[in-house]
Every structure is written in C-alpha cells, then in structure tokens.
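Starting from the known structure of chain A, arrange chain B on it as the hints suggest.
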Amino acid sequence: MNKIKVFVVLCLISTFAFAGGYRVSTQSNKQLAMGHTGVAVVNSADVLFFNPAGIVHLENKLNISAGGFGVFSDVKFQSEEFGTFSETDSPTGTPVYLYATYKVTEDFAVGLGVYTPYGSNVTWPTDWSGSHLVNEIELSAIFIQPTLSYQLFDSVSIGGGPILAIGGVNFNRNASRTLTDEEGDRSNIEIDDAGVTAWGWSAGLMFTPDDHFTLGFNYRSLINIESTEGTATFDSFPTSSLTPANGETGFTATLPLPAELTVGVSYKWEKLLLAFDYNRTMWSEYNSLDLEFGNGVTSINPRNYKDSSTWRLGAQYAATEKLTVRAGYYFDESPVQSGYFAPETPRNDSDGYTFGLSYQVTPKLSIDGSILYLKFQEITESYDFFSDTGSPVPAPFEGTYKSSAFIAGLGVTYSM
Amino acid sequence: MMKNLNIKLIALFIASAAIISCEEDFDNDIQAGGVYTSGEADFSKYVTVGNSLTAGYADGALYLNGQLNSYPNIIAGQMQFAGGGEFNQPLVNDNTGGLLANGVQILPNRLVLASDGMGAPAGPARYTGAAPTTDIINKVTGPLNNFGVPGARVFHLAAPGYGSLAGVSTGTANPYYTRFSSSETSTVIGDAAAANATFFTLWIGNNDILGYATSGGTNANPLTGEITTADDHNDTGNIMPQTYRSNDITNNGVFNQTYTGLVGALTTNGAKGALVNIPDVTSIPYFTTVPPNPIPLDGPTAAFVNSNYAQYNGGLQLAAANGFITPAEAAQRTINFSAGQNFVVIVDNDLTDISGSPIPLPNWRQTTSNDLIVFPAAGVLGTLADPSNPASVIGVGFPVANELVLTTTEQARVSNAQQSYNATIEALAAANGLAFVDARAALAQVATTGVPFNGGVLTSTYATGGGFSLDGVHPTARGYAFTANAIIDAVNAQYGATLPKVDIGAYSTIQLSDSVQ
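Order-wise, the sequence lines are chains A and B.
At position 45 of the first sequence the residue is numbered 45 (my numbering), and the sequence of numbers has no breaks.
At position 516 of the second sequence the residue is numbered 1516 (my numbering), and the sequence of numbers has no breaks.
Pulled out of the complex, with its shape left as it was, chain A reads as follows:
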C-alpha cells in the first residue's frame, strides 16, 4: 500500500505526455488499451474518431461513449559537461473525449465527436538552464466533429465530417540566457491566447470483405491555429531604451496541427480481435515557430519537424461474459530532428505499452479502463538555433533527456 502511495506521489509530481510532437493519442479508452489502434476496429462510438466510416457499422441505434485520462509524465534534463540538471514539474494533463452516434437507417448514421488530439503541458523550473527556450508551455485544442457515415456497398462504407478546432496557448520563456532587470530578475516574455478557432475535416473509408477482416483508411486534415488576438507580456526587462518596455502587447503566431493519415487492418476470430494501424503524421508542416510582437520584436524559432510514422498493434479478448481484456504496443517515431531538440517538446522515439479492460456493468453500460506506459530511451540532443541578441554565434542548448510517461484513463460506453 505504501508503495502504491509512493507511486501515486511520484506520478503527481510529474508532467504531461504526448506522442510525437504535441499530438496526444488518447482518443479512446478501449482503443488506447489496444495500442491506440482503431481505424479498422468497430468497438463503440469511439470509431467516430478513428474512422468516421465505421459508425454505420455499429449494431445499436444509439451509441455514446465518454472518458478521460490522467497524463503523468516526467522529463529530466542534465548536462554532464556543465553539471546542470532540471526536472519538469507540470500539472497533470487531462485529455477527454465524447462520442455519440445515431443510426438513422441501416446504411446511414450520424454522429458527433468532441476530443482533444493535440496538447502539451510542460513546466520546467523557472529560470532553469534552458529557460531561454521555455519555462512553461501549455497548448490545448478541442476538436468538434459532426460526422456522417454511409454504407456505399455491402463491403464498403464511407464517412467524414468537418472539424471545428478551438485552440489555446500559453507559453513563457526568458528573453535570453542572461538579460535581467536591475534587480537581477530574468527578463521574460509570456504569450497567451485562447479560443482561437479554425476548420478542418476528417474522412474515412472502411472495407469489410468478410466476417473476419476489416480494412480502414482515415485522413484528418491540417488545421492551422493562427493566433492574432492574444496578449504578450514583457516582464522584468530593465528600464532602458536598449530593451523592449515592460507591459502587454499583441502578437501573431501560427501553430500547425498537422494532418494525419491512418491505414489499418483488423482480424476477428471468435473472442479474439487483432488490430494493426499505421499513422503518418505530416509534421513537416511545422517549419518554424515565428512570433511577431506588437512592439516590433520578433522571435524566429526553427523547428524543421519531419513527417513521422507510428506503428500500432493491439489485441482484444473477451475473457468472460462481462470482462474484455486488451493489450497493445506501438512504436512512435519522433518528428523532431537532430539539432532541433527543443525542451518545449523534448520527444525522442518511444515505445508504448498498453493494457486495459472493459467491464460490462449492464447489457447497455460498460466501464472502460486503460493504461499506457510510454518508454523513452535516454537521449543526448541539442537545440542549435538559438543565438543571444547581437551574437553571430549560435548557442546550442545540449544535454541528456530522460522522459517517461504514464497515462491512465477511465470511460463509459452506453448503447441502446
């Protein structure tokens, strides 16, 4: 019991996890437990996210599922060369989802999904050795997706819908490695914006050649979150005409929520379901984070992400009449290239191990639980594109990172 308490405490003092970049793959408890496969899995209303073409395959007329997660993760940084170390201390992330589908006719269904596929929440100790790159970042995006699905042929269904994305960002970092006010407090810039809206879409196709095999295809479009109405706060700059004045100003910035292509297959045999998904995320859209402030200051931060892949495997087994157990694995390739390893998204390649189960409380209601353990290799990397003001020589920020992430989720599924 004490050990569990220790674990709980350890987890509570840790941070938010995301998959590659700031993508957070936690859109279903059932599917997360299966390695977050799902483009070819028709389990519940959750398929609305994974493949809109799937909702017409749901047996019940009305399907609702909802859930949430606690995302606990921790990033440690150290530089053996200089003897510096830091550890993140971020609030727990809480991605959520809600899906509802309604079968209008045997070959036509409608649905609505609300989910949070992107987010980031990293809090480093204020003024840590990488504070010129980030002290704290909080990104969030809620996607609202009305969906239609239609059985085109006996073995082919299609589906899709528009996505309304509502994004927000809060990003705080120091102005440089050394600039301070007269009292020695580090000069700091914080940007804040919320309620930024943008549109995108999702479309899918599902192919069901026989009772065992399902093939799925899904594409979710790029959505650019363009922030133009937020505030930037300049704080602790010295009283000098050589530096920006303290106070609030505006800023503009664009953060891409990249397109994602998924193909996958599932195979069902009696009580067993196996699934495989391949995701390709078009991260190369994220070239640079360019901030232009209302006071004339600009901040160009090359990112140069590359498109990245994720390979997912999952299995589901109906162990008892009431209990279904699930397990999965995925390999998540980081979109961050060598030399661009910024501590705001300190992600290298990771292995995800997932477990979960569903308990059928009543014939209509089940409770779903899932666990993800994301394992990162220790990595020594640098961000090479920062220069102090006026210095022609870049100042790479290099060190060794060790990340770990643990996600636990709980949800309910209701059908009638």
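The set of hints was computed from the structure by calculation and includes no laboratory data.
Treat the hints with care, as some may be off.
[Stated by the list, open to error] Below, in silico cross-link-like pairs of lysine-lysine (BS3-like), each with a Cα-Cα straight-line distance of 25 Å or less: (1) A:Lys364 to A:Lys271; (2) A:Lys364 to A:Lys61; (3) B:Lys1008 to A:Lys322; (4) A:Lys103 to A:Lys306; (5) A:Lys375 to A:Lys268; (6) A:Lys61 to A:Lys322; (7) A:Lys364 to B:Lys1139; (8) A:Lys103 to A:Lys364; (9) B:Lys1501 to A:Lys271.
[What the hints assert, rightly or not] A few chain B positions that, by computed beta-carbon distances, are all more than 10 Å from chain A: (10) Asp1029; (11) Gly1129; (12) Thr1170; (13) Thr1172; (14) Ile1227; (15) Ser1246; (16) Val1254; (17) Thr1289; (18) Pro1360; (19) Ser1369; (20) Gln1411; (21) Thr1509; (22) Ser1515.
For clarity, every value in this text was computed on a predicted model and none was experimentally measured.
Glycine residues also receive a C-beta, built at the ideal position from the N, C-alpha and C atoms.
For chain B alone, coordinates are given in the frame of chain A:
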C-alpha cells in the same frame, strides 16, 4: 468462479498500472553522486581568501548578484557534485551596491550601461534606481567561507585592525572587512584560517600593483586631492608596508614574505588548495579602451598645432646641445602632429626634470604606441582645459595629466613587480603541492585572441566583450565564470579531480539601465 476471475483480472490491471508508473533515472545521474570526483582533494570545507576579485566585486561596487556570481561561489557550486559543503559569503543587502557607514554613503553605487533614451548606448553611469542599504555598522553573522576583501593588498590580509569599524573613518581599516571581521584587531588571514578549510583558493597581489597602474603612477592626497608621484618600493627599498601610500607598488620582498605567511596559515592543518597568479594590466579594458593615438586632425590643424610647439621643440634642441638632456630624449620629447590619428601630448614625470634649468621646459612628450591611456581619460581627451581658450584642447594644445597615462617606464615597474610576485606564487604552489592557476595566461588569451564559448567569443573589449564589467577592471559574472573554469582546470589537474566546468554563456555580462543620475 467467473466473478472471481473478473476481480483477479481487475486486480492485475491495477497492479500493472502501479508497477509501470515508476519514474526512471539517467544511466549516469549526476545528482546521484559518483559522476564527478574530488580526487586527492577534499572539498567538504572550501575557504577562499583574496581581494575584490574573490569577493565578486564588479561594476565599481560590491552588489548581491556580483557576489552570487563570484568565482568562489561558482566553484563551490560545482564542488557540491564531489563532496563540497555549504558556502557562505558576507552578502550585501542589495543590487544597488555602495556602502553606508551609520547611514551616510561612503562608497558609490554600481555602474550600469545607460542609453541615450532613443535606443543607443550612452555609457557607464552610477545606478540610482534604488538606494543603497548595506551599512557597515551591521555585522555579518554566521560562519563564512569567502574572505575576499575588496581593496586588500597582500599585507592587508595579515594586518591587525584592518576590519576595525573605528579605523574606517581614519583610513586604517577596510569597510568591507569591517562587515565581517571577527574583532577590532582580527586579521583577514586569521579569520580565514580559523574557518579550518579542507580546501582553499588564494588570489591576492593584484592591488599591490593595480593602484599604481590605474592611477598612472600617482597618489592623490585623500584630503586635498593633490596629486603626487607614487613610489615603487622596489626602487625605494621600503619594506614597511604600513608606511605605503595607497597606490605605491609593494616591495617584492614584502610580497614574498607576506604571501609565504598566508600560504602557511592556510595549509597549517594540511588543507589542499590553489594559488592564483596576477594578470597583466594590459589584459584589462581600463588600459586598452582608449588608444594612445585617439586624436584625429586634418593637415592645416596639425600644422597650426605644430607651430604652437615650435618654441618647445626648439628648446629641446637647445637643452640637448647644452647637455641638460640627451639628444635621444630631445627626440623623444619632440612634438609633431600630422594629418590623421595623432598621439597625444602628456605629462611624463619620468622625463628628466629641467624645469629648474636655464632652459626651463615642462615634462612633455607625445605618447607612443606603447603608452597606456587609462579609461577615465576618455571623458577628458579632446575637451578644453580652459573653456575660453579654443587652443587648449586636452591632448593637443594642452597636455594630458600624468595620472591619466601609464607610461612605458611605469609599466616596466608594474611588470617587474608582477613578475616577481608571480614567481613567488608559482614557487609556493610547487613547494606546497598546491594547484597553480595561471590567470595571467588565461586573461591574456581573453585580451588577445578572445576565448570562444558556447554562444560567442569572450574578449576584454569594453562593455561588449563580455569579459569585463563597466569599471573596466573587474570581470563580469561571465568573466568570473571563465576564471572559475580556469581554477577548476588547475584543481582537476593537480589533484586528479573531475569537477565539471560551468557554461560561461549562461552568466550575465553588463547591466542595462536608464535609472541613473
């Protein structure tokens, strides 16, 4: 049975959640210990002794952030990875700098770089954004590790009463040491030795030549302001430091004897340590910012100025012909301006004084490329000595005062003493098995080629080079971090330790502020 299985599976699920949620550590966790080692040294109690450099003095004052970035504090931070203990400094109260004595300000605030209000730098100025609050009547309490006393010369460290509050007003005591002296009669070295170090650094001797250098070899009477020539006690042979005036050069023998005593006091209990030598004055921007030929003139102006010196030049030839000076000195003293950058006319007290001869000429000559004009001259050169006389441009029609130039002769005195001190320091390090830190070579590299670091090149260029604070003499935090790294290198080499160096790019340089007078 079925229900039982359900419960068992749920229990397994929860258990696996608990097991995998454990955080992971680095393969080589630097906080776990064992990554860095102290070798044959023992860093558990580090004590440091010295002058302003050891105290963390910068920008013409001792202020809080300067102290926090003192090289001993930086080193102590790295020692904590290898058995180092607490490191306490006699911290001042604020970042304004300046000292009060019973509420009356006795030392000025720090310097900041002011702007013209329109986005261009204007120059150094005393910070006035907050009032100084550190009063020397308030003693620092608790154990200390840093016994750096700004202004201290080698013999001051062993001088009883140097921390006497009563002695501050009479000029026999040092207000900085007064803040933490253990008694009215204590010595700095006595207090430091009582701290019972396992490891120490000693960097002293800079002020034994520096005052002479920065004052161009002069002393100013503290009451009248009258300026007189300072003594080089290697010339006078005076070995009684209590008779030295503030800018005299300390006798080499006095240095050797006192320094030997300091090392003896610090090593009595077998402590290991490092001795740091004295850098060249030519490494610091106080002497290198104003060039010796700062005056641009066009041809007609040069010709006009020359015509004004025709009588002086002619007098020199006459004096040489009559044997009052050598023909070589006559040539040395001959003043000649030309179109372009010009060397300035200065007073040089080391020239033969013929003011009492039948040809009474003043001790004037033009600078050569080897003379060093001090930083404060920047505000004087080119201005009019007599506002009503446009021909009295200082450096052209009017000579630059003796105290604003460190002549080659004066440099030779400084250098002679410095070499002797450094020989003493190096020999004592070798004799006692202590690390020897060649700060002279390290700072010479900063001043000549510059030292590349992560994010730039550290140079001694005033204000922008990063190495030196706005007083032109003392390092910035970045300069102190560079010094700390040099000491860490020497300590690691001497004792087989593996202390990590610091990232000097993470340390600040000069402070910007328009909150000035």
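Now the hints, each set against the structure:
Proximity of lysine 364 of chain A to lysine 271 of chain A is assessed by CA-CA distance (about 19 Å); at most 25 Å being required, the pair is judged to hold. Of the pairs offered as hints, the one joining lysine 364 of chain A and lysine 61 of chain A holds, with about 12 Å between alpha carbons and a cut-off of 25 Å not exceeded. The hinted pair formed by lysine 1008 of chain B and lysine 322 of chain A meets the criterion: a straight-line CA distance of about 13 Å does not exceed 25 Å. Our distance criterion of 25 Å between C-alpha atoms is broken by lysine 103 of chain A and lysine 306 of chain A, whose separation comes to about 40 Å.
Restraint check: the Cα-Cα separation between lysine 375 of chain A and lysine 268 of chain A comes to about 29 Å, which exceeds 25 Å; the hinted pair is violated. Distance hint between lysine 61 of chain A and lysine 322 of chain A is fulfilled; the C-alpha atoms sit about 21 Å from each other, no more than 25 Å. Between the alpha carbons of lysine 364 of chain A and lysine 1139 of chain B the distance comes to roughly 77 Å, so the proposed pair goes past 25 Å and is violated. Only pairs whose Cα atoms come within 25 Å are accepted, and lysine 103 of chain A paired with lysine 364 of chain A is accepted, the gap being roughly 16 Å.
Between the alpha carbons of lysine 1501 of chain B and lysine 271 of chain A the distance comes to roughly 61 Å, so the proposed pair goes past 25 Å and is violated. Interface exclusion of aspartate 1029 of chain B from chain A breaks down, the closest Cβ pair being 7 Å apart, not more than 10 Å. The claim that glycine 1129 of chain B lies off the interface is violated: its Cβ sits roughly 5 Å from the closest Cβ of chain A, which falls inside the 10 Å cut-off. Separation of threonine 1170 of chain B from chain A is adequate, the least Cβ-Cβ distance of about 34 Å exceeding the 10 Å criterion.
With 10 Å as the threshold on Cβ separation, the claim that threonine 1172 of chain B sits away from chain A holds: the shortest Cβ distance comes to roughly 34 Å. A cut-off of 10 Å between C-beta atoms confirms that isoleucine 1227 of chain B is not in contact with chain A; the least separation is 35 Å. No beta-carbon of chain A is positioned within 10 Å of the beta-carbon of serine 1246 of chain B; the least distance is around 31 Å. Separation of valine 1254 of chain B from chain A is adequate, the least Cβ-Cβ distance of about 39 Å exceeding the 10 Å criterion.
Every CB of chain A is more than 10 Å from the CB of threonine 1289 of chain B (nearest about 19 Å), matching its label as outside the interface. Annotated as non-interface, proline 1360 of chain B keeps its C-beta farther than 10 Å from every C-beta of chain A; the closest such distance is 52 Å. Every CB of chain A is more than 10 Å from the CB of serine 1369 of chain B (nearest about 30 Å), matching its label as outside the interface. The non-interface label for glutamine 1411 of chain B is consistent with chain A: the shortest C-beta to C-beta separation is roughly 33 Å, beyond 10 Å.
Under the 10 Å C-beta cut-off, the non-interface status given to threonine 1509 of chain B relative to chain A is violated; the minimum distance is some 7 Å. Distance check for serine 1515 of chain B against chain A: the nearest CB is about 5 Å away, which does not clear 10 Å, and the non-interface claim fails.
When held up to the earlier numbered hints, the structure conflicts with 4, 5, 7, 9, 10, 11, 21, 22 and fits the remainder.
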